[in-house]
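Colleague: Now for the letters of each chain:
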Amino acid sequence: MPGSAIEDQLREIEARLILLEDERAIRQLISSYGPAVDSGRSGPAAELWTDDGVYDYKSLAEIGDGIRGEPLHKQAIVDMLEGSHHQRLIGEGAAHTLGPAVIDIAGDTAVATNYSVIFRRIGMSVTVYRLSANRWELIRTPRGWRARKRITRLLEGSGDARARLGQATTR
Amino acid sequence: MPGSAIEDQLREIEARLILLEDERAIRQLISSYGPAVDSGRSGPAAELWTDDGVYDYKSLAEIGDGIRGEPLHKQAIVDMLEGSHHQRLIGEGAAHTLGPAVIDIAGDTAVATNYSVIFRRIGMSVTVYRLSANRWELIRTPRGWRARKRITRLLEGSGDARARLGQATTR
Amino acid sequence: MPGSAIEDQLREIEARLILLEDERAIRQLISSYGPAVDSGRSGPAAELWTDDGVYDYKSLAEIGDGIRGEPLHKQAIVDMLEGSHHQRLIGEGAAHTLGPAVIDIAGDTAVATNYSVIFRRIGMSVTVYRLSANRWELIRTPRGWRARKRITRLLEGSGDARARLGQATTR
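Chains as they are written, first to last, in our numbering: chain D, 1 to 171; chain Z, 1 to 171; chain P, 1 to 171.
Hints in this document: simulated from the structure, not taken from any laboratory. Be a bit skeptical, because a hint or two may be false.
To give an idea of the chain D side of the interface with chain Z (calculated C-beta under 7 Å), a few residues [said to hold, decoys possible]:
1. 128
2. 153
3. 155
4. 166
Pulled from the structure, derived: some chain P residues nowhere near chain Z, Cβ distances all over 10 Å [to be verified]:
5. 24
6. 31
7. 51
8. 75
9. 85
10. 92
11. 125
12. 130
13. 137
14. 143
15. 152
16. 157
It should be emphasised that the depicted structure is a prediction, and the values quoted were computed from it without experimental measurement. The beta-carbon is built from N, C-alpha and C at its ideal position, and this holds for glycine as well.
Kindly produce the complete structure, drawing on both the sequences and the hints.
Modeller: Structure, rendered in structure tokens:
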């Protein structure tokens, strides 16, 4: 094999390696959310987003903490996590579990789709507190992959959550 | 290092890369099932199987839709997903979650073993509707990895589901 | 590119490949636990640990089987899994599900953090029996990656489980 063919092959191998490394980094990012918020580490949780990233979810429960139904920017994510609703939740015992994602990477951006199930301890029993569909829109930054947008919709039978899930297997 | 040694090493590296890519493709396939069926995309869901693939599961709930307890072929998978039972389930709010799998790849075939938990919204609460063991028998096709057979058994204490799980850590 | 540069690049590519292979092996190890214990394969379950490995979890339920609250060594893990409490659990229908982990690999050791949810069938319904945070301390052995220590703490709102989760995103 001539030297140039070897170099071509090395380049191709490295590109395939980078794709696998990217996928791993994205899985790691998503899996970090739960441990961060359930341990009360609001700062590291918010760091999963880009500086202008948003967390777009609908929940009426936090209204009492002054949170609106509009997408949360980075500081608002920290505020929500340090608000009384989230603090009570983790103080009683909660797990924000995120399942394996369908991950679609295209160069420096990616989309990941998965389910989130929040379990909550109530007295001696554990209940499913929230069941949602998640769509993560991600970007490669100098500090690694980050979320530009996370859209979370309760699986309540409405078309909204189902539409997010349906996008996972298209494109 | 002589050129032939470099070529040998490139071949070895590529073989290891292919194994990781195969594993990723299989994880992706399995993770695609839930978003497809919960969003009502019956066609893409059935496309996870080979043309002669089967979904072998036992459920009495769909009998009303004319589904028997025998393995479903591709068209029967679509029929099941478009039947009234599944449509009511996702219309009320459901998540077919599939957990991380033990994946054993041997060339062009693979076996994956994991749990599936179907969550279902009933009024204001979410319940665990079904808890099952899954064994996926997969094959590499020109269009990528596909399921030849998916065996799903309710974890109801019977030996059947436990036997499927037991096969995950053997071979 | 001179031959030495090619050799350097091959070495670098292989190091990156090994990291991905290690991560896959660790995911596989963690995903094997549930299928092993729910199918009653106590020996293979205990083999996920090193010979001097321990499973450190707090549970009062097994006291009747003579299990103390102290970390279990390999033989004690087998005894626990063959004890009447675990056998009754899997005889009725149970799933020890382990979610995607945050995995931090440093050479021949690694730390993985994830949630475990044990589902249990009771009559016609399935309940969440236990919700825990897990910290796995792993080591590369001649037989592959093994757990030196698995720390499991119920998510009951105490600082203990939360401290384990908090370590996932530090270092």
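Colleague: Is it the case that residue 24(P) keeps its Cβ farther than 10 Å from each residue Cβ in chain Z?
Modeller: violated, 6 Å
Colleague: Verify the interface restraint on residue 128(D): the C-beta must sit less than 7 Å from at least one C-beta of chain Z.
Modeller: holds, 4 Å
Colleague: Does residue 153(D) pass the interface hint, meaning its C-beta sits closer than 7 Å to a C-beta of chain Z?
Modeller: Hint violated; residue 153(D) Cβ to chain Z Cβ min 10 Å, cut 7 Å.
Colleague: Quick check for students: does the CB of residue 143(P) sit more than 10 Å from each CB in chain Z?
Modeller: Per Cβ check, residue 143(P) is outside 10 Å of chain Z; nearest 14 Å; holds.
Colleague: So residue 125(P) supposedly isn't at the interface. Is its beta-carbon more than 10 Å from every beta-carbon in chain Z?
Modeller: The claim is violated: residue 125(P) sits with its nearest Cβ about 7 Å from chain Z, within 10 Å.
Colleague: Would you say residue 157(P) is clear of chain Z, with no C-beta pair closer than or equal to 10 Å?
Modeller: It holds; residue 157(P) is separated from chain Z by about 21 Å at its closest Cβ, greater than 10 Å.
Colleague: Is the nearest CB of chain Z more than 10 Å from the CB of residue 130(P)?
Modeller: holds, 14 Å
Colleague: Taking the closest pair, is the beta carbon of residue 31(P) still more than 10 Å from chain Z?
Modeller: violated, 5 Å
Colleague: Restraint: residue 166(D) near chain Z, CB-CB cut 7 Å. Satisfied or not?
Modeller: holds, 3 Å
Colleague: Closest CB-CB distance from residue 51(P) to chain Z, is it above 10 Å?
Modeller: holds, 18 Å
Colleague: Are all beta-carbon distances from residue 137(P) to chain Z longer than 10 Å?
Modeller: Non-interface label stands for residue 137(P): nearest chain Z Cβ at 19 Å, farther than 10 Å.
Colleague: Mind verifying the non-interface call on residue 152(P)? Its CB should be farther than 10 Å from each CB in chain Z.
Modeller: holds, 17 Å
Hint violations for this structure: numbers 2, 5, 6, 10, 11, all remaining hints satisfied.
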